[in-house]
Structures are given as C-alpha cells and as structure tokens.
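Enquirer: From first to last, the protein sequence lines stand for chains C and U. Just remember that this note's numbering sits 5 ahead of the position in the first sequence, which is counted from 1. Just remember that this note's numbering sits 183 ahead of the position in the second sequence, which is counted from 1.
Misleading hints may appear alongside valid ones.
[What the hints assert, rightly or not] What follows is a set of in silico ranges between Cβ atoms, one per label pair, in the way DEER data are often shown:
1) U:D198 - C:W54: 39 to 47 angstroms
2) C:A408 - U:S300: 44 to 52 angstroms
3) C:K582 - U:W201: 29 to 37 angstroms
4) C:M55 - U:W201: 39 to 47 angstroms
5) C:E478 - U:R213: 18 to 26 angstroms
6) C:T474 - U:M184: 40 to 48 angstroms
None of these hints come from the bench; they were simulated from the model. Just so you know, these numbers come straight off a predicted model, no measurement behind them. From the three backbone atoms N, C-alpha and C, an ideal C-beta is built for every residue, glycine too.
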Amino acid sequence: MSTPTPTRTPTGAPEHLTGPGRGGVGDDAQRPDGVLKVRGEFAYGSDLWMEDMLWGVTVRSPHPYARIRSIDIGAALATPGVRAVLTADDVPGEKVYGLELADQPVLALDVVRHQGEPVALVAADHPETARLAASRIHVDYEVWEPITDARAALGHPTWNQVHDSAAEVTELSRENAHLHPQGNLVRHLKIRTGDPAPTADVVVVGEYEVGMQDQAFLGPESGLAVPAEDGGVELYVATQWLHVDQRQICSALALPPAKVRLTLAGVGGAFGGREDLSMHVHACLLALHTGKPVKMSYNREESFFGHVHRHPATMRYEHGATHDGQLIYVKASIYFDGGAYASSTPAVVGNGGTMGIGPYVVPNVHVDCYGAYTNNPPCGAMRGFGSVQTAFGYESQMDALAAELGMDPVELRCRNAMEEGSPTPTGQVIDSPAPVAELLRRLEAMPMPTRVDDGEVDLRDMPGGVSNTTHGEGVRRGVGYAVAYKNVAFSEGYDDYSTARVRLEVVGGEASATVHTAAAEVGQGLVTVEQQIARTELGVKQVTVHPKDTAVGSAGSTSASRQTYVTGGAVKAACEKVRAQVLARAERLVGRTVPDLRLAGGAVVSDAEDIAVPLVDVLGDEALEETVEWHHRPTEAIDPETGQGFAHVQYAFSAHRAVVDVDTELGLVKVVEMACTQDVGKAINPQAVLGQIQGGTAQGLGLAVMEEILLKDGKVRNPSFTDYLIPTILDMPPMRIEVLEYADPHAPYGLRGVGEAPNISSGPAVLAAIRAATGLPLTRVPVRPEHLTGL
Amino acid sequence: MRLICTVNGTQQQVDDVWEGESLLYVLRERMGLPGSKNACEQGECGSCTVLLDGLPVCACLVAAGQAEARQVETVEGMADGGALDPVQQAFLDAGAVQCGFCTPGLLVSTRDLLQRSGRPSDAETREALAGNLCRCTGYEKILDAVRLAADRLAQSGTGGHR
Chain C
6 MSTPTPTRTP TGAPEHLTGP GRGGVGDDAQ RPDGVLKVRG EFAYGSDLWM EDMLWGVTVR
66 SPHPYARIRS IDIGAALATP GVRAVLTADD VPGEKVYGLE LADQPVLALD VVRHQGEPVA
126 LVAADHPETA RLAASRIHVD YEVWEPITDA RAALGHPTWN QVHDSAAEVT ELSRENAHLH
186 PQGNLVRHLK IRTGDPAPTA DVVVVGEYEV GMQDQAFLGP ESGLAVPAED GGVELYVATQ
246 WLHVDQRQIC SALALPPAKV RLTLAGVGGA FGGREDLSMH VHACLLALHT GKPVKMSYNR
306 EESFFGHVHR HPATMRYEHG ATHDGQLIYV KASIYFDGGA YASSTPAVVG NGGTMGIGPY
366 VVPNVHVDCY GAYTNNPPCG AMRGFGSVQT AFGYESQMDA LAAELGMDPV ELRCRNAMEE
426 GSPTPTGQVI DSPAPVAELL RRLEAMPMPT RVDDGEVDLR DMPGGVSNTT HGEGVRRGVG
486 YAVAYKNVAF SEGYDDYSTA RVRLEVVGGE ASATVHTAAA EVGQGLVTVE QQIARTELGV
546 KQVTVHPKDT AVGSAGSTSA SRQTYVTGGA VKAACEKVRA QVLARAERLV GRTVPDLRLA
606 GGAVVSDAED IAVPLVDVLG DEALEETVEW HHRPTEAIDP ETGQGFAHVQ YAFSAHRAVV
666 DVDTELGLVK VVEMACTQDV GKAINPQAVL GQIQGGTAQG LGLAVMEEIL LKDGKVRNPS
726 FTDYLIPTIL DMPPMRIEVL EYADPHAPYG LRGVGEAPNI SSGPAVLAAI RAATGLPLTR
786 VPVRPEHLTG L
Chain U
184 MRLICTVNGT QQQVDDVWEG ESLLYVLRER MGLPGSKNAC EQGECGSCTV LLDGLPVCAC
244 LVAAGQAEAR QVETVEGMAD GGALDPVQQA FLDAGAVQCG FCTPGLLVST RDLLQRSGRP
304 SDAETREALA GNLCRCTGYE KILDAVRLAA DRLAQSGTGG HR
C-alpha cells in the first residue's frame with residue numbers, strides 16, 4: 006500500500022497558489038493527455054496513418070561481426086508492391102551518426118559490428134510485402150569471430166592485472182581485433198584522490214557482474230516520415246530529444262535544419278532507449294526516395310535490436326575501513342561493455358566513475374572506469390545511466406564490510422553517509438541537502454510486513470505462487486537495504502539548457518496560456534508539470550501545451566532526470582517574463598506603481614491595495630509572448646588524470662528496504678515488500694512523483710531477479726517478451742514510500758530530479774535481502790534460481 | 184477475404200483482408216481503431232486485450248477470420264459518448280496512466296474483472312491482471328485504480344456480476 010507521508014520544507018513556491026485543486030505547483034494535477042489515453046485515442050508513433058502511405062522495414066545483419074562482400078537487391082525490388090530498396094549507397098550525406106561520437110553507420114558500410122545492424126531498407130504498400138521482399142535481399146557475408154568481452158577487447162587477459170596501471174590497457178593482437186580505427190577503448194575515467202597507498206584495519210574485496218538490461222518500453226520504435234514540397238521532410242516520431250535527432254538526420258540526409266522538421270508522436274515509454282536514432286533516418290530516406298509518406302514500426306523482436314541497452318558491467322572493488330567502520334579507502338575497477346558503437350558510453354563511464362563508490366565520504370579513492378567497444382549489441386542510455394551497475398557493486402561491498410566488522414549494515418552506511426557540505430570523490434562539495442542517513446533511518450523505522458499465520462497457506466503469497474511449488478517449506482525470509490545517488494541533468498561542462506515559449510492571451514473570454522517546448526513527453530508527466538508551472542506563475546486556469554516540435558528551440562533530452570528541472574526552469578523563466586509584461590501593463594492601467602502586484606485567479610491583484618484587475622482587461626486583444634533559453638548553473642570538465650572537478654549540477658538521493666522470501670529448494674524469489682525513501686526537494690506533482698518511485702523500483706527489482714538480455718557469441722538469445730521477462734503485477738509487491746522535500750536552493754522551486762534514483766537503489770536492496778535470506782555471496786545480477794539452491 | 188463482425192456494437196465489413204492478418208491488425212489498420220495496442224504481438228503483454236464474445240483475448244493472437252460473425256469490444260467502445268466509463272475515470276484519478284501504452288488492455292481486463300467479481304481482493308486483482316505488462320507504473324497505482332473503480336461501481340450499483 007502506498008502510504009506517502011511527505012515531510013515538507015519551505016521551497017519557495019508561493020503557498021497561496023499551491024492549494025489543492027488549483028492544478029498548480031505542488032498539486033496532484035491530472036495529465037492533459039489522460040482522457041485521450043484512456044479512450045484509446047492518443048496517437049502513438051505506431052498509430053500514425055496517412056492515405057497512400059507505405060510501410061518501411063529494415064534488413065539486419067544476422068552476424069555480430071562480418072564483412073559484407075556484396076548485397077543483391079534484385080529479387081526484392083522485383084517483388085510486386087515494393088517501391089524502394091535502399092542500402093548505404095543511397096545515404097546522401099554523412100554515412101555515420103552518433104550521440105557523442107559519429108561512429109554508427111546509418112546503413113552498414115563494409116563491416117557489420119553487431120547482430121541486428123541495419124543493412125538495407127524496403128518500402129512497400131503492405132508491411133507483409135515489405136517483410137517478404139526484405140527476406141529476398143541476399144547479403145554475402147565473410148563472417149568474423151566476434152569480440153564479446155569488454156576486458157578482452159581492451160586486452161586484459163586476466164582480471165587481477167587491472168586496477169593499478171592504466172598503461173596496461175592494450176589492444177588485442179589478433180586479426181580484426183580493432184573494432185574501430187581508434188581502438189577498442191571508448192573512454193577511461195580516472196579518479197585519484199588522497200593517499201595513493203592507503204592502509205586500513207579491515208579490507209574487503211569483491212568482484213561483481215551486472216547483466217545487460219533492456220528498457221522494454223511497451224510502445225515500439227515507430228514514426229511516419231512525410232516528404233514535403235520544399236524537398237524537405239516532416240518526421241512524426243516517438244523519441245526523447247527532437248533536436249539531437251534533427252541534427253543527426255540533417256547530417257545523414259545532407260539537408261539543412263529548416264528542411265527537416267520533427268514533431269513528437271505519442272511515446273509509449275522510453276527509459277533511455279529512445280535517445281539514439283532508430284528508424285528516424287531510415288523512414289526519411291524511404292519517404293524522400295519514394296515521394297510518399299512512409300511508416301516504420303518495429304515489432305518486439307526488432308525492438309530488441311533497434312535500440313541500445315543498459316551496459317553490462319564487471320567491477321572489482323576493494324574497501325578499507327577502521328575497526329569502528331570508518332571508510333579509509335576505496336579502490337575500484339569498473340568495465341562497461343559498450344557494444345559495437347559508442348552511443349552515450351562516454352557519459353555512462355562518466356557517471357559510473359564519478360559516482361562509483363556511492364554516497365559515502367571516503368578520503369582516499371582510486372577508480373578506473375572503462376568503456377569498451379565489443380561486438381555485443383550497442384549499449385547506451387537507460388534510466389540510472391552507469392549508476393545502476395555500480396550501485397550493485399558498492400552496496401554489496403558495504404554489506405560485506407558490515408559483515409566483516411560485525412556491524413549493522415545500516416549503521417555502517419550512516420556512519421559514512423554524505424551530507425550537505427561533504428566532498429565527493431571528484432572534489433565537489435555537496436552544496437544542497439543530502440539526507441543519506443535520514444533516508445536509511447526512516448526506512449528502518451517503517452513497520453515490517455507481517456506474515457499472516459492463521460494456519461492457512463495462501464499459495465499466492467509463496468515463491469512460485471499458484472504453481473504450488475511450496476507451502477512454506479524451504480522458504481527463508483531476508484531483509485536488505487541500499488542507498489544510492491545520481492546526478493541530475495547533463496554534467497562535466499556540458500552546456501545544458503532548455504527553451505520555452507510562453508504565450509498569454511484571451512481565448513473565449515478567458516485568459517489562457519500556451520506553453521511551447523520541444524521537451525519530449527514519454528509518459529513521465531512533463532506536460533502536466535508544464536501546465537502546473539504556468540498556472541502557478543501566471544495565475545490562470547487554462548493552460549494549453551503546444552505539440553512538441555522543432556519549431557521552438559531545443560529542450561535537451563528527456564533523460565538524466567532533468568526535464569522538470571531544466572525545462573521546468575525554462576517554463577518558469579518564460580512565465581516570469583510574461584508576468585513582468587502583464588504587471589507593467591496593469592500599472593499603466595491603474596496609473597501608478599503598486600509594489601505587491603501579482604497574478605492570481607485570472608486577475609492582477611494586490612493585497613496591500615484593493616486592486617483586482619481581470620487579466621482579460623489587461624490583455625485585451627493582445628497576446629504577450631516570451632521565449633527563454635534557460636541554462637542550469639555550469640558544471641566543469643573533470644581533470645583527465647585525477648577526475649577532480651565540479652562535475653554535476655545536482656544529486657538525487659533515494660534508499661530502499663527490500664523484504665524477500667526465497668524458496669531455497671527451487672531458487673525462487675518472491676519480493677514481499679519494497680519500501681523507499683527519497684528526497685525530491687519539492688514534489689511538483691506528488692502523484693507523479695510516487696509514480697516515478699514505484700515504476701523505478703519495479704525496473705530495479707527486475708534487474709535484480711529476472712531481466713537480462715542473454716548473449717551467446719554476441720547473439721541475442723531472448724529477443725521477445727516470452728523470453729525476456731519484466732515484472733508483472735504478481736512480481737511487484739506493495740510499497741511503502743516516504744517522500745522528503747528538502748529544497749535545493751539552486752533549483753527551480755527547490756526541486757530535485759526524481760526519475761532515476763529509485764531505479765538505482767531498488768535492485769541492490771533486493772539483492773541484499775536475498776543474500777540475507779540465503780547466506781550466499783551472490784555477486785551477479787540478475788540472480789537466477791541456480792544461484793540460490795543447494796543450501 | 185471479406186470479414187464481417189460487430190465491433191463496439193456496430194457491424195463492420197472489411198474486404199481484401201489477407202488471411203495472415205490478425206484481428207489486431209484489422210482493428211488498427213483497416214477499421215481505424217488503433218486503441219488496442221501492439222507492444223509484443225505474441226500474446227505476452229496484454230496491451231491488445233479486447234473482448235471477443237465477452238471474453239478477454241489478445242487480439243494479436245486471434246486470426247482475423249476467427250472474428251467472423253462475432254462480437255468484438257475494444258477500448259474505444261468503453262466510454263458512453265463524452266462520459267468515461269468508471270474504470271477509465273478511476274485510472275485517471277488514481278494516476279494509473281503514465282505513457283498509457285498498456286492502458287487500453289488494462290482497462291478492458293479490469294472492466295472484465297469487475298464484471299465477474301465486483302469487489303476483488305488485491306490477490307484476485309493481481310491474478311486477473313497478470314497478463315497485462317506495464318513498464319511505467321510499478322502497478323501500485325493500477326491497483327489503486329481498480330480499488331477505486333470497484334468502490335465507485337459498487338456505490339452506484341452498476342458493477343457486480345453479469
């Protein structure tokens with residue numbers, strides 16, 4: 006049962022505007038797209054349709070690593086109903102693209118580097134015709150042996166060589182071992198702080214592994230490209246960042262931005278998986294080639310090949326502490342398998358490295374964090390972005406250290422917890438609340454789930470459920486805790502901003518605002534937040550959210566828990582400029598300066614003087630509009646040798662307690678309850694905040710016990726929802742949640758990004774609980790039944 | 184082939200249906216009813232759940248021809264004109280809709296559950312909705328929505344057994 010008991014602290018939002026029912030900041034305002042969604046009328050990318058449109062499909066490589074000798078498209082082109090078959094030769098502009106490094110072919114050039122790499126495109130008048138034609142394209146491959154291990158790709162034959170010297174990073178000597186001309190290393194991040202050769206009373210060493218997780222958003226990659234009369238193209242697409250898409254599409258099509266216009270189609274979840282291009286350029290190529298609208302919509306199997314995944318990681322940690330549990334040092338070597346192309350691997354390495362020891366104060370830190378190219382599927386952004394993997398490592402270490410010290414694991418964490426004013430391993434001083442210990446103590450104080458013991462066993466409460474695998478025999482309960490932190494918004498000196506255009510005018514006799522941003526709504530509820538901010542700042546009820554498109558400036562990515570902060574900040578700033586105009590007009594109307602004028606209830610009002618001028622009178626026939634590009638305070642690049650620098654603009658903190666029952670005979674796990682505490686600074690929409698915490702918790706639970714893309718020799722063995730399991734409503738237990746609101750003085754309304762932190766602390770808590778139930782070391786997630794049996 | 188069936192109370196006739204098409208494809212691409220969703224197209228996610236002669240099925244697993252002369256009810260048929268079904272309203276009020284891709288299937292499944300058992304326990308609800316995947320919500324607010332809808336239907340006397 007969700008029983009939120011928010012602890013409220015002043016955050017700067019005017020109280021008189023945040024009362025219940027007004028739909029402003031702090032309210033459980035309802036989403037503007039909600040009615041369409043429950044009526045089945047909301048147009049997702051895969052629902053788009055135009056008279057006379059064609060269907061596009063992709064031909065993909067069956068091999069993880071191969072050279073293309075030739076491609077024969079003759080039989081495909083001759084198939085009745087087929088309108089186009091395209092290969093790399095048909096890409097008019099740059100033939101490679103990428104978020105951070107342009108290294109990924111739009112369509113395969115000479116070499117394919119992962120299974121599922123796009124090789125050719127077909128457009129036809131029926132999707133089945135297109136698929137049939139695609140099967141008739143003959144590609145002659147010279148198949149090469151794939152490189153499927155990140156450490157092997159970097160030339161480390163053994164695990165233990167790793168952590169001392171970066172000079173040991175060499176490349177494989179065998180043929181075709183250089184996946185890219187620049188070598189197989191995407192990024193190596195170093196953190197060196199304190200004593201390089203520290204000693205400690207107690208030392209704990211552990212090696213950990215995290216499997217490859219999929220975002221598994223339900224709405225497939227999809228969109229519709231429509232050729233325009235000016236030789237350009239309109240693309241309606243489900244995506245996360247319209248402007249970075251536009252930049253890459255323009256480059257591939259050799260068209261200027263004015264001729265590549267994007268509009269956000271309905272997005273069925275994203276979780277990072279839509280930050281890279283999927284069908285975007287392909288659909289545009291087919292549309293421009295055929296002169297017809299082209300729709301592309303992946304099926305689930307193709308979706309598993311059509312987007313990047315969460316990086317698998319292998320990690321080695323060494324923690325040293327005093328006898329009374331004070332951390333002295335942490336050494337860590339972290340390897341992220343980036344797969345065939347860079348995607349956002351450099352930034353994932355940045356997060357994994359800079360936050361790789363967790364929210365703890367440690368004087369001596371030595372971290373090497375690597376991202377490598379391999380022939381596995383490309384990996385990039387997924388909710389938690391580099392921090393999910395390391396949290397399994399550092400939180401497992403904290404439990405191991407507590408056991409070694411004979412200390413309570415929560416006590417050990419609290420003793421070393423960051424707080425406001427603490428230094429991070431990158432030398433940054435945390436300059437806003439960091440209630441790490443409080444989050445843990447509040448979890449401890451929550452009641453534990455009770456077992457109903459009335460002699461009757463309800464199978465539905467048992468691991469294995471109605472499969473009738475146990476009536477309680479062999480079942481052991483365990484409790485585990487974990488805490489995590491995550492940067493909010495883009496880091497390491499990136500100029501991170503959003504653009505908002507706000508218009509205030511009289512519509513139908515009522516003052517009404519329109520908010521126009523390019524910020525992708527992917528389900529999280531940003532459109533609601535945009536309305537709430539405009540209502541609060543402008544004192545109006547009616548707020549329209551303009552369709553998201555590239556007719557306004559970039560909003561940056563819907564990722565890194567950043568949109569409420571950055572686009573919210575932009576909307577707030579644009580509203581403030583509009584408000585200043587309105588108040589100036591009102592003063593001209595009343596003929597004098599009134600110091601406490603403000604906007605409320607559709608009027609310009611003053612408390613000091615008896616003034617209430619309706620906005621309709623102030624505005625008349627005129628529309629007031631302001632566009633603001635809003636930047637969060639700058640961060641800086643970290644030093645390449647020491648990792649020191651003001652890397653991150655804000656941190657989000659959350660903690661979880663997991664209670665599990667484990668059937669130790671069959672290795673089945675039932676998560677009995679999840680409890681979460683999170684500081685959100687200010688809950689702009691408390692209901693949506695809870696939704697983020699609950700959804701993030703579920704994805705973390707999934708990685709702990711079931712979710713993994715299984716690879717063999719670089720090939721995906723389970724590209725379906727039959728074989729790649731995500732939590733169902735039976736797997737997800739009831740939750741207890743406490744939301745704390747300690748304002749960040751640097752952020753709009755004091756808010757803190759919400760979406761990712763609960764995805765990070767959830768899984769390690771589940772793992773700790775399973776460990777507590779079984780007594781097994783459990784160094785790998787997801788935990789499988791065979792890891793848990795034979796006690 | 185020609186397909187004739189009743190969808191949301193209206194008889195529909197579609198010509199030139201390829202025999203390999205699913206009921207889901209025909210609803211979405213030939214009848215202009217894209218409310219039923221295409222998340223997995225192999226019967227695992229429940230986002231295409233519709234009622235076929237009153238029983239919930241995954242429309243992606245039903246060959247179009249199997250719907251011949253039968254009654255199909257989709258999410259588009261739930262609201263009564265401008266008035267939402269209480270289950271739809273409860274999903275909105277409880278915050279059970281995020282990206283919304285799973286929502287149509289969950290609404291159809293929930294309506295079916297509440298017609299079979301007016302006030303299901305949480306355990307019953309979890310069993311009934313175990314075939315509907317949601318990736319955004321963690322299911323907590325979906326359970327809230329089901330409880331809310333059940334309460335409202337019981338109070339108004341419009342839920343209960345059929």
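Enquirer: Determine for every hint whether it applies to the structure shown.
Expert: Status of the hints after comparison with the structure:
| no. | hint | in the structure |
| --- | --- | --- |
| 1 | U:D198 - C:W54: 39 to 47 angstroms | violated (18 angstroms) |
| 2 | C:A408 - U:S300: 44 to 52 angstroms | holds (47 angstroms) |
| 3 | C:K582 - U:W201: 29 to 37 angstroms | violated (56 angstroms) |
| 4 | C:M55 - U:W201: 39 to 47 angstroms | violated (20 angstroms) |
| 5 | C:E478 - U:R213: 18 to 26 angstroms | violated (54 angstroms) |
| 6 | C:T474 - U:M184: 40 to 48 angstroms | holds (46 angstroms) |
In the structure shown, a violation is registered for the earlier hints numbered 1, 3, 4, 5, in ascending order.
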